[in-house]
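Student: So the chains spell out like this:
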Amino acid sequence: MSEAARLMAIFDEAAHTAEAIDALHEAGVADDQIVVMSGVPYPERALGRHVEWLRLPYIVLAGALGGMMVGFFFAVITPNLYPLNIGGRPTAGFPPVAVIIFVFTMMATIISTFLGVLWEMGFPEFGPKYYDKSATDGSLAVLVEFPAAIEHNVRQLLEEHGAHHIRRPELKPL
Amino acid sequence: MSELGSREAGPDQPPGGPELSAQFQGRLLLEQRSDQEINEAVLRPMFQTGRGFWILVAVLGAIVAWGLYAWGYQIYWGMGAAGINRPVYWGLYIATFVFWVGISHAGTMISAVLRLLKADWRRPITRGAEAMTAFALMMAALYPLIHLGRVWKFYWMIPYPNNRLLWPNFQSPLMWDLVAIFTYLIGSMLYLYLALIPDMAMARDHTSGWRYWLYRTMGLGWRGTEAEWHKLHRALGIFSVVIIPVFLSVHSIVSWDFAVTIQPRWHSTIFAPYFVIGAVYSGLAALATILIVVRKTMHLKEFLRAEHFDPLGKMVMVAGLGWIYFWFSGVIVEWYGNDPVIIEILNDEVFGNLAPLFWLQMTFNVLPVFFLAFKRVRTNPLLLLIVTLAVNVGMYTERVLIVVGNLQRNYLPFNWGTYKPTWVEISIVAMTFAGFILLYTLFSRVVPYVPVWEIKEGRLRYSLRRIGRLLVPTAAEIE
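The listed protein sequences derive, respectively, from chains H and P. Adding 41 to a residue's 1-based position in the first sequence gives its number in the working numbering. Adding 35 to a residue's 1-based position in the second sequence gives its number in the working numbering.
If you're looking for bench data, these hints aren't it; they were derived computationally from the structure. C-beta: ideal position from N, C-alpha, C; glycine also. It is possible that some hints are incorrect.
Just some of the chain H residues that point at chain P, by a computed CB distance under 7 Å [to be verified]: (1) D63; (2) V81; (3) P82; (4) R90; (5) L97; (6) V101; (7) L102; (8) T119; (9) T154; (10) F155; (11) E161; (12) M162; (13) F164; (14) K174.
Next up, chain H with everything else stripped away, as it sits in the complex (with noise of 0.2 Å):
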């Protein structure tokens, strides 16, 4: 396999941005050897890429059955360890046991979701990455890596569709 190059590349529209990147596809470059940093969430698809498929969903479900399992195991299996009759009350009456799982099975929710976002964004990561601060000021900031004998070819495509301050990029400290 041929040696790989990157490029950064800075471009001020989305539009430019993703003729260039439709240009770079023709030009052999793999889709997920682009990464485009940017300021603002722009529309799925609007810059041309594929939208990447989320386990969050299947994380979140299992971190709710999980509360679930948790609030019953409060509500329903702790009072009958050691049953205590009150009054001849049932040990375990349904409303408090509804209010336990269901409140239980929130929390395991909210939970799972934040960890889970946080592990399919491999977050924290605070090594040294590939970056321009530009973005945050509305630029987008476009990364690509290829074989670097098309490196000419590349940096051409991006300077056509309006990319400027093309450079090798640096790996640094956020």
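Start from chain H and add chain P according to the hints.
Tutor: Below, chain P alone, put in the same frame as chain H:
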């Protein structure tokens, strides 16, 4: 090029030249500002900490310190230092606890509900609302500890078996309370933090020194890649759905602390929705109050405008109408039942020694609804400030009446009594009010108060459309 399409700032900027911009000057999402200018406008007030700021922090800190002394005094001398006694076992502490839980409801209303409804006017105010929720819940969470008296026994409520293998009693409403409030607190803080990550990264890129390290740590390595945005959106969507039933359940559970007893006027099936609507009413009013103050003190007039206060005022009004409806629904049924004790309580409230509190409550909760019907009130910061402050005085009074007023009378007339708070209770209540303002003040100087990325996202969605002779702002469906 058509008039609508004419632009100078590029296709990603809101359409409309300078002349159109002037026509829609009051619309934040149509303003011709670059992303860099928006960043600066949000970050600049965070660095402005003049003499007034530090005097405020010192005064609030002193009140908190005095409140902590009062709490220490109560811990040392016992609960006798508070004014609660038979039959009023729940006094200002529980009334204020209910008030703070209620205040916390606006954050979820504004942020989660309006996010799901895709209401664009929510964008600049979501963070302020979410922060209010988190800090109000922190203050609320102090009260069970304060009311416990022997606070060091708190760990008895943590779910693990004691040395007789007994677990905490989850059949008890007090345990429901603990887990519900803990869940809402965790949920609100994570929701606040998750939406904050992109703005932490923005702040990281524009600061140095201790702030840089703080924002770098809290940014978790965010770069704003498409994948990161996609995942964040999905997570916020899930949070928005999940947090709504939690927010409804929390105040319902707090109301069941009261309603599952056989205390007259508490033992009512309408208590849960009555508490929830009251919480939304007071929470939205408190949010409007805070936003007006922050707008003035942090010079955020550019972001917090009439277009935001107008719908917020309408929401306060609708919640107020709901509160009146639920209050009346509860009273008419109980009055018609003609139960002697309930009639005694109602007479005591309307004509007796509780009358000043009752009429204060009714005046400050009912009149604002009529004032808020006028657009001039909803869009004038000073008028809106007065009206929403009145609502919060009214709602706090309502909490005191529910807790203290109703406990003074019960089905055992020999056991009737009165309640007067001591300096310890007043100091501790003042501590939580000062603590809330202090936390909020410090938060506003450390964290971007306006969600920058949400505003930028809103500008992508917003544009002008010609309908006949009119140019009207419209929002595109892009999610």
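Student: Okay, which hints does this one fail, numbers in order?
Tutor: Structure breaks hints 1, 7.
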